[in-house]
Every structure is written in C-alpha cells, then in structure tokens.
Amino acid sequence: MAPDSTSPDLLPAREELLAARIKRGDVLAEEELIKTYHRAVLLIAGVRTHDRDLASDLSQEILIAVIKALRAGQIRDNEKLGPFIHGTARNIINNYLRSHARHPESALDPDEVMAPDPVEELELSERRRLMRQELAKYSAVDRRILLLSVVDGCSLAEVATRLHLTHDAVRARKSRLIRKIKKKFAGMSQP
Amino acid sequence: MDCRRIAEEEIAECYLSGRLEEPLREEFEIHILGCPSCLESVETLQDLREALKSEAHQIRLAPERQRVQWWTWVLATAATLIVAAVGVLQWRVPKTGEGSANIAQQRVPPGVATTSVGDETGKTENKAARVYSQHKGQAVTQSAPPESAHLGSGEPESPPSGQPVARGLPEEPSAMDTPPKGMLSEKQPEVRRDLQKRSELTSAQAVELYRLAEVRAAPYSFSGLALGAPVRRAGPVEQTTTAGAVAGTTGAVSPAFQRAMVAYVEGRYDDASRMLETAAQADPKAPNINFYLGVCRLLLGRPDDAIPSLMRVTEDGKSLLVQPAHVYLAKAYLQKADLKSAESELEAAGSLPGPRKNEANSLLLRVRAFRTAIEGSPAASPRK
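Protein chains in written order, with the numbering used here: chain L, 1 to 191; chain H, 192 to 575.
Derived by calculation from the structure, the hints in this document are not laboratory data.
Even for Gly, the Cβ is constructed at its ideal location relative to N, Cα and C.
It cannot be assumed that every hint is accurate.
Incomplete in silico selection of chain H near chain L, CB under 10 Å [to be verified]: (1) Y206; (2) S208; (3) E212; (4) R216; (5) E220; (6) L224; (7) E231; (8) T235; (9) E241; (10) R251; (11) A253; (12) T268.
Just so you have them, the derived chain H footprint on chain L, three or more residues with Cβ under 8 Å [unchecked claim]: (13) 85 to 97; (14) 123 to 132; (15) 166 to 173.
Please work from the sequences and hints to get the whole structure.
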C-alpha cells in the first residue's frame, strides 16, 4: 500500500494552511476539514464505541471541538493536524465512555457546521449490500476463511486447522480475496 | 507506521477486531486520519466485516463442499460404472439364454416387428421368425398367465395375480383384446411341427400371428350374469339357482364346478382345469364346464386339449356359450397356425346372433388378411 498524496507526512503545509484559515474564520476551511477528516473520525469513534449512531454523534462533537480549538488557536505551532484531531477524538470518546453519557449539546451554531451528508449514509448501506452480493459469489470455504479471520479474529494457523487446509493455502486465499474485494470496492467510499 | 507495514501485518484487521495494543492503535488511527488510501481499506474491511457478520450464520452452517467434492465425484463415478456394468450384464444374459419362454416373449414384443437378425445369420430369417422356429408353435400357443387372464377390460396391462376376474361384471368373453404378457410353452411338439413350416414368416407376420392367437380369460361371475345375457329358465327350480349359475347352463351347477370357478377367477387355471375335468366326468356335456375347461386349457397353452372341450359346447347348439366357444376355438386353431380352421370358426361365430358377432368378424378380417399376406391368397370379406 503506497503512501497517499494527501498523507500529512507529504503535505504538512496543507494542514498548517488549513488550520490558519480556520483560525482566521474561514468557513470554507471548516467545511474542508470536516470533509477531510469526518470519515476517519467516524471510523475511529465506531471502532472504539462499537455503536454507529453514537459514533456519528461523537464524530460531530469531535469535529466541532476541533474547529472550536482551531478557531481559538489552541493548536501549537508545528503540531500536525492529524495527531491533534486524534487526541481530541480520543479524549472525547474516553470521556464519554467514562461518564456513559452523551454530550450532543454544543455552543456552536449548527448552521456553521457541515453535518454529515445523509447521502453518505445511503452510500454506506448500498456498499454493504454490494458487499453481501460479492460474498455470495464466493465458495463456502472462502467465506469461512474470511469469517474466521476478519470477524472471529482467528490467526491464519487457526483458520487452517479449523478448515483442514494448509497455512499457505489459507494465507493465499485470504490475500487474494481481500485484494479482490478492495479492488472491486475501491473508490466506492470516496466522498 | 506506513502503509506497507499496515498491509503486511494485517494491522487494519487487528484494529477492527480490537486486537491492537493501545500504542499501536493510536499510531494506526493517526495514520488513517491522514491516509485516505488506508482509510478506504479499513472502511472496505469494515463493510466486509459487517456483511460477514450478517451472513455468519449461513456461512457457519454451509457444508464444506470443497473438501468432500473430490470424494463425492469418486463415489459418483464408481456408482455409475457399477450401474453400467450391471446393466450390460443384464442385457447380455438374455442373449445367451435363448430357449426361455419369457425371453422369447421379450423378443417379440408388439411393435418391434421389424427387428431383423439377418445381419447376424446372413439369412433372411428375422428375429421374430427365428423365435417362432425355436419355440415352434409356443410363440402362438401363448397362454395368458394368471396375471393376464382377464377379459373384457380392454386394457393392455393385466390385473395382478389372484385378483378375481370380472367377478360380477356382465361382460362377454373376449378373446381378441390387446395382448397380455403371456408365457410360452414347450409342451406341444406337434404344434411345433405345424409352425415349423412357418419359420419363414417375416417379423411383422410373426407378430401379427402372435397377436391373433393371444387369449385372455373369459369372465365368470358367481351371480350367474357373467355373460350379460338373460338366461332362459326352464322351471321354478332353475330360477332359484342364481348363485353359482352360469348363463347358458341348464340349471344348477355342481359344487365341483363352483370350486373350479373359484380357482378360475383367482387365476389358478391349472387347478381350475383339473377340477373342471373332474366335473366334466360327472356331466360330460355341460356347456359351462366344457367352455371354461377349454378356456383354461387354452390359457395353459394346450390348444389341442382345448379344442375337444370347446367343440362340445358348439355341438350343443342352444347354449349362449356357443358363440364365445367358436371364438375360442378360432384362437385354439390360430395357436396351432391352422388359419383355415380358425376362419371357419370365426365365420360360424359371426353368423350367430349375439354380442360376439362384430368381434368375430373383425378377427376374421385380420386372419384373412394375414393369410393373404403369407400365402398370397385373396382375402374374402367376412359375412355380415
């Protein structure tokens, strides 16, 4: 997997510029930040909370908190935006998990924040439907390999033992399947 | 953390399944915040994970077809070969077992008349004709077995063995129904001699003669209405003898005849024949006894024994069984390949009033056409 052209390591200047624009009150910069980081924040919140609806709420809260912090100029010089967002997300999520309470209220005007597009939600459901269709095309053994490794978290050796296959065979088949799925669904999750 | 390491160490999967240590997890999360490519991979894996979760039950229950497929194919192939081998063996056994009556029957099925064996023998003799020559008359002295000894149903397939024949049905005896699956007999050397000369028959002719000579059992009813005709009673005593009476009889029937007819309707023609012979000793001229004795003998493949019994019925002249007796006599002569005698009997049956007139005339036409075909003589139209 090659590093992407939008990686913060390659474009630190872009992040600094974005932070500076938000600090100056550029609404378009805030929208760009949300567009850029919303999916990742949503993913992180979903993985940590195991609740997609909660993750959606928390992701909005995280991005609002980031924008507020950027507006207030709380980001240090030379601090990358990615780790700053991640730190904010981790703190908010951990606080939520500790308090077991939601904090949807925000002093920020909702009109100023670009909420996640409902179309994204539809795209997500459509993507998962297509994924089920794709799975249906695979053999029972291939689907079991994926289930045991991706969902159950079994190692390749465990999968090989349970399916009476060799380790190399499981590794090859899993690699081929994942590569095929990624290739087929590449670009489908792009905003 | 770079994208290559993430791919090689399957960090994305571990992350989604919560198996990453906290430092590594944070490092990975920071990476995906700035790497759309890895983010997309994780999202795709997450979609895959959700899809797998939703299908997990079916996936776990699905049989591992891939593993058993090899053995399944081997077993299926072996089973196919075994079935094919058994089929070939069963097909070859009848070829080597010529002389069996049942096999001969199989070799002259209706509608398979054109199967020629000329290629095998180098002669013009065909298969059906060869069967004739091998069985020498038994092909046409075919006797309807108990299973097929039923008359008047019009069905080519016979009822099962032991089933009473047309009990209580007011049916007329019919000897030209569609051929049952009868058996051939090897008991009549004289019949063989008669048919030896016909070994030059074509297969079509052989099958036609086979069909003409086939006999089905005449029905019998213990109610006395088997023949479907009113019985002329001579007096008050005869009018009371309904049970066990037979149309055309002169009065009460003997217990021996009743026992014989029990065997007859049950398809035990051999037993019936013996009991009827016993009954005939007590009343040699009784039309019913002689008629059914003749029919039994025909069904047992003994046309020569059947002819005298049936002739006694025709000599009576007054019984309603006279016309059916002429038809069965014709069948007996056909089994002996005596076409002219058969024609005479059928002419006699056609000349008599009764329900068998049309049947006799139809059979007469077929016999004449057959004789014309094998002898070249012009066929005469039957009497109306």
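Comparing the hints with the structure gives:
1. Y206: holds (7 Å)
2. S208: Check passed: Cβ of S208 of chain H comes within 4 Å of chain L, closer than 10 Å.
3. E212: Constraint on E212 of chain H not satisfied, violated at 14 Å.
4. R216: At 9 Å from the nearest chain L Cβ, R216 of chain H passes the 10 Å test, so the hint holds.
5. E220: Hint holds; E220 of chain H Cβ to chain L Cβ min 5 Å, cut 10 Å.
6. L224: holds (4 Å)
7. E231: holds (5 Å)
8. T235: holds (5 Å)
9. E241: At 5 Å from the nearest chain L Cβ, E241 of chain H passes the 10 Å test, so the hint holds.
10. R251: holds (7 Å)
11. A253: At about 4 Å, which falls below the 10 Å cut-off, the nearest Cβ of chain L leaves the hint on A253 of chain H intact, so it holds.
12. T268: violated (22 Å)
13. 85 to 97: holds (count 4)
14. 123 to 132: holds (count 5)
15. 166 to 173: As far as the stretch 166 to 173 of chain L goes, the hint is violated, because 0 residues have Cβ atoms under 8 Å from chain H.
The structure is inconsistent with the numbered hints 3, 12, 15, although it conforms to all the rest.
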